[in-house]
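Peer 1: Protein chains in written order, with the numbering used here: chain V, 1 to 290; chain Z, 1 to 274.
Read the hints as simulated data drawn from the structure, not as lab findings.
As the structure is a prediction and not an experimental result, all values here were calculated from the model.
Worth double-checking, as some hints may not be accurate.
As the list claims (entries may be wrong) - Stretches of chain Z that chain V covers, calculated by requiring three or more beta carbons in the stretch to come under 8 Å of a beta carbon on chain V:
| # | region |
| --- | --- |
| 1 | 73-83 |
| 2 | 143-151 |
Said to hold, decoys possible - Computed beta-carbon distance windows for the label pairs:
| # | chain 1 | residue 1 | chain 2 | residue 2 | range |
| --- | --- | --- | --- | --- | --- |
| 3 | V | Q61 | Z | F65 | 48 to 56 Å |
| 4 | V | P66 | Z | W17 | 29 to 37 Å |
| 5 | Z | R263 | V | Q61 | 35 to 43 Å |
| 6 | Z | G73 | V | M1 | 47 to 55 Å |
| 7 | V | F104 | Z | A251 | 47 to 55 Å |
| 8 | Z | F40 | V | E176 | 38 to 46 Å |
| 9 | V | G70 | Z | G60 | 46 to 54 Å |
| 10 | Z | T97 | V | E121 | 48 to 56 Å |
Stated by the list, open to error - Over the 10 Å line for every Cβ pair with chain Z, so calculated as not near, a few chain V residues:
| # | residue |
| --- | --- |
| 11 | G39 |
| 12 | A78 |
| 13 | D93 |
| 14 | R113 |
| 15 | G165 |
| 16 | S218 |
Just so you know, even glycine gets a beta-carbon here, dropped at the ideal spot from N, CA and C.
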Amino acid sequence: MKPLELDDVAVHLGDATIWRHATFALEPATITAVLGPNGAGKSTLLKVILGLIEPSEGSLQVLGAPPARGNPRVGYMAQSRHADSLSSITARDYVGLGFDGPRFGWGRSRAKRDVVARALELTGTTHYADQPLSTLSGGQRQRVALAHAAVFRPDLLLLDEPLAGLDLAAQAEIVELINLIRDTTGAAIVVVAHDLNPLASVVDCVLWIARRQVRCGSVDEVVNATVLSELYGHPIEIFTTARGRRVIVGLEEEFAHPHPHGHDHDHGHDHEHEHDDLDHAHDGVAPEAP
Amino acid sequence: MSVWQLLSTPFVQNAFWAVSAVALAAGAVGYFVVLRRQAFAAHAIGHVGFAGAAGAVLAGLSPIFGLLVFCLGAGLLIGVGGADLDDRDAVVGVTLTAALGLGVLFISLYSGYANATYSILFGQILGVSSRDLVIVALLSLVVLVSVSLTYRPLLFASVDAQSAAARGLSTRVMSIVFMTLLAVTTVVAIQVVGVLLVFSLLVAPAAAAEVLTRRPRDAMFAAVVLALFSAWAGLFLGVWLGGPVSFWITALASSAYLGARVRASLRRRVQLSA
Numbered sequence: 001m002k003p004l005e006l007d008d009v010a011v012h013l014g015d016a017t018i019w020r021h022a023t024f025a026l027e028p029a030t031i032t033a034v035l036g037p038n039g040a041g042k043s044t045l046l047k048v049i050l051g052l053i054e055p056s057e058g059s060l061q062v063l064g065a066p067p068a069r070g071n072p073r074v075g076y077m078a079q080s081r082h083a084d085s086l087s088s089i090t091a092r093d094y095v096g097l098g099f100d101g102p103r104f105g106w107g108r109s110r111a112k113r114d115v116v117a118r119a120l121e122l123t124g125t126t127h128y129a130d131q132p133l134s135t136l137s138g139g140q141r142q143r144v145a146l147a148h149a150a151v152f153r154p155d156l157l158l159l160d161e162p163l164a165g166l167d168l169a170a171q172a173e174i175v176e177l178i179n180l181i182r183d184t185t186g187a188a189i190v191v192v193a194h195d196l197n198p199l200a201s202v203v204d205c206v207l208w209i210a211r212r213q214v215r216c217g218s219v220d221e222v223v224n225a226t227v228l229s230e231l232y233g234h235p236i237e238i239f240t241t242a243r244g245r246r247v248i249v250g251l252e253e254e255f256a257h258p259h260p261h262g263h264d265h266d267h268g269h270d271h272e273h274e275h276d277d278l279d280h281a282h283d284g285v286a287p288e289a290p
Numbered sequence: 001m002s003v004w005q006l007l008s009t010p011f012v013q014n015a016f017w018a019v020s021a022v023a024l025a026a027g028a029v030g031y032f033v034v035l036r037r038q039a040f041a042a043h044a045i046g047h048v049g050f051a052g053a054a055g056a057v058l059a060g061l062s063p064i065f066g067l068l069v070f071c072l073g074a075g076l077l078i079g080v081g082g083a084d085l086d087d088r089d090a091v092v093g094v095t096l097t098a099a100l101g102l103g104v105l106f107i108s109l110y111s112g113y114a115n116a117t118y119s120i121l122f123g124q125i126l127g128v129s130s131r132d133l134v135i136v137a138l139l140s141l142v143v144l145v146s147v148s149l150t151y152r153p154l155l156f157a158s159v160d161a162q163s164a165a166a167r168g169l170s171t172r173v174m175s176i177v178f179m180t181l182l183a184v185t186t187v188v189a190i191q192v193v194g195v196l197l198v199f200s201l202l203v204a205p206a207a208a209a210e211v212l213t214r215r216p217r218d219a220m221f222a223a224v225v226l227a228l229f230s231a232w233a234g235l236f237l238g239v240w241l242g243g244p245v246s247f248w249i250t251a252l253a254s255s256a257y258l259g260a261r262v263r264a265s266l267r268r269r270v271q272l273s274a
């Protein structure tokens, strides 16, 4: 039984087709990177797997069954947000909510304390477990969020942008932790990301979503000039640096201007923010400097 | 009569049990009001209750029935329409205004004794009858049992709505659950402190507790303790020194919040200089 199996799945929201003809399967204990431009439907894929959005066509099996809301074998880590609503609770309490937060009633699990302690230990968060989340750094908070998502040992773990907003060193640490979680729990892990490079050393598969299409395969099968050029419909080149990083040339439009209307090609101050974003988040799989 | 003799009179005894029941429910639900940043909704439901009470008085019914119908209705409206943070304030504001308008109409139609209106607005704790007390106690019990049963999912959905939804907790359902609890709690709190001062028991103790503690269970416990303290001490001071009990309760609860903030900022300063 595969953790995830899609056969010719299409998703429509209203009149718009988000993507279609998605056919792929994931194996247990693998890491899959989901890449593609903003708005391509990466988070939508996660919502479909979680049973929050129903696919319009095709068949989808999650751990051998149709997707269902609240599947107790599927873990999920949301995109990090500002911490104001999390401020008054400690990391330990937040991880505890990952374990029994969805459960109504009086029943208290005796195992909870041990399970939470083990998740904190696995993620290296024990020594700040009793601090309020608002006092933690971005990287620390992402570690706690991973502990929250993995605390009940899901067989399929979905991570939405776990590397967003982190510096390169923190990204590397989180990637190492994701790898550790895969090794210790045997979960199939799906990671939505903006950049392949920080993940390249640990991923088994790449899912690339662009222009309403989904390509799946090993890194070399998907991240090559032929496949990406076909996917985007214009020539794309890939260079590998001396340290093995991939630099993709030809994706400027998609990365810098996810919403093509209303943008000119003036790289003035208006776009400063987007370029900041590029420099940090897309290190490597990014357009050449303007 | 000495203050001790006063305290043993039936109306003060009733008041004592009523404030205790209200403080328990308000402290517990108040924690979620503060955590979910929904003080405005709590405020609005109280005012909607005013229209309900005025309507009930006009129809010759006990105000508590009007309170229940209007508060629950408003809670449901806000719970359904304001599940998403984006349009919550607008939904709350429009519900509030529409209900207050109705309240004005009801009062203008009512030609009777205006004292009923006054007691709804400012509370009339020393006038709680034995029958009112039974209703207040029962409703508080219902709220406390419901909070204990929904505690974890409510906390999860309040702290991290997105993850909670992914784990099968509908944001809308949790919003409705919360607003229903808030509506019932508001109805009982109005019996004690009135529409205008509902915050004193519902928000001030919980806000102070959130400043003073880190863990949800501690915060909820502290909120209940502070609400009970404000209610008991307020009742005692009202009987002993005179003045409206709701004034004393409000003064004490607000002071607790102020004290918590001062303590927290002093601590921060000590930490910074250390």
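Peer 1: Could you run down the list of hints and mark each one as holding or not?
Peer 2: Do the hints match the structure? See the list:
Beta-carbon proximity to chain V at under 8 Å applies to 0 residues in the region 73-83 of chain Z; the threshold of 3 is not reached and the given coverage is violated. For the region 143-151 of chain Z, the assignment as covered by chain V holds, since 3 residues bring a beta-carbon within under 8 Å of that chain's beta-carbons and 3 suffice. As the Cβ distance of V:Q61 to Z:F65 is approximately 53 Å, the hint placing it in 48 to 56 Å holds. Look at V:P66 against Z:W17: about 53 Å separates their beta carbons, and that is not inside 29 to 37 Å.
As the Cβ distance of Z:R263 to V:Q61 is approximately 55 Å, the hint placing it in 35 to 43 Å is violated. Restraint check, Z:G73 to V:M1: a C-beta distance of roughly 48 Å satisfies the suggested window 47 to 55 Å. In this structure, V:F104 and Z:A251 break the distance hint of 47 to 55 Å, their C-beta atoms being roughly 38 Å apart. In this structure the hint that Z:F40 and V:E176 lie 38 to 46 Å apart at CB holds, the actual value being about 44 Å.
Taking 46 to 54 Å as the suggested C-beta distance range, the pair V:G70 and Z:G60 conforms, at roughly 48 Å. A C-beta distance of roughly 53 Å is found between Z:T97 and V:E121, which places it inside the suggested range of 48 to 56 Å. Here V:G39 stays apart from chain Z, with its beta-carbon at least about 18 Å from theirs, past the 10 Å limit. Non-interface call for V:A78 relative to chain Z: violated, since the shortest CB-CB distance, roughly 4 Å, does not exceed 10 Å.
With a closest Cβ-Cβ approach of about 6 Å to chain Z, V:D93 is found to fall inside the 10 Å limit, against its non-interface label. Consistency note on V:R113: stated as away from chain Z, and its beta-carbon is indeed over 10 Å from all of that chain's, at 14 Å minimum. With a closest Cβ-Cβ approach of about 16 Å to chain Z, V:G165 is found to remain outside the 10 Å limit, as its non-interface label requires. With a minimum CB-CB distance of about 28 Å to chain Z, V:S218 clears the 10 Å threshold, and the non-interface call stands.
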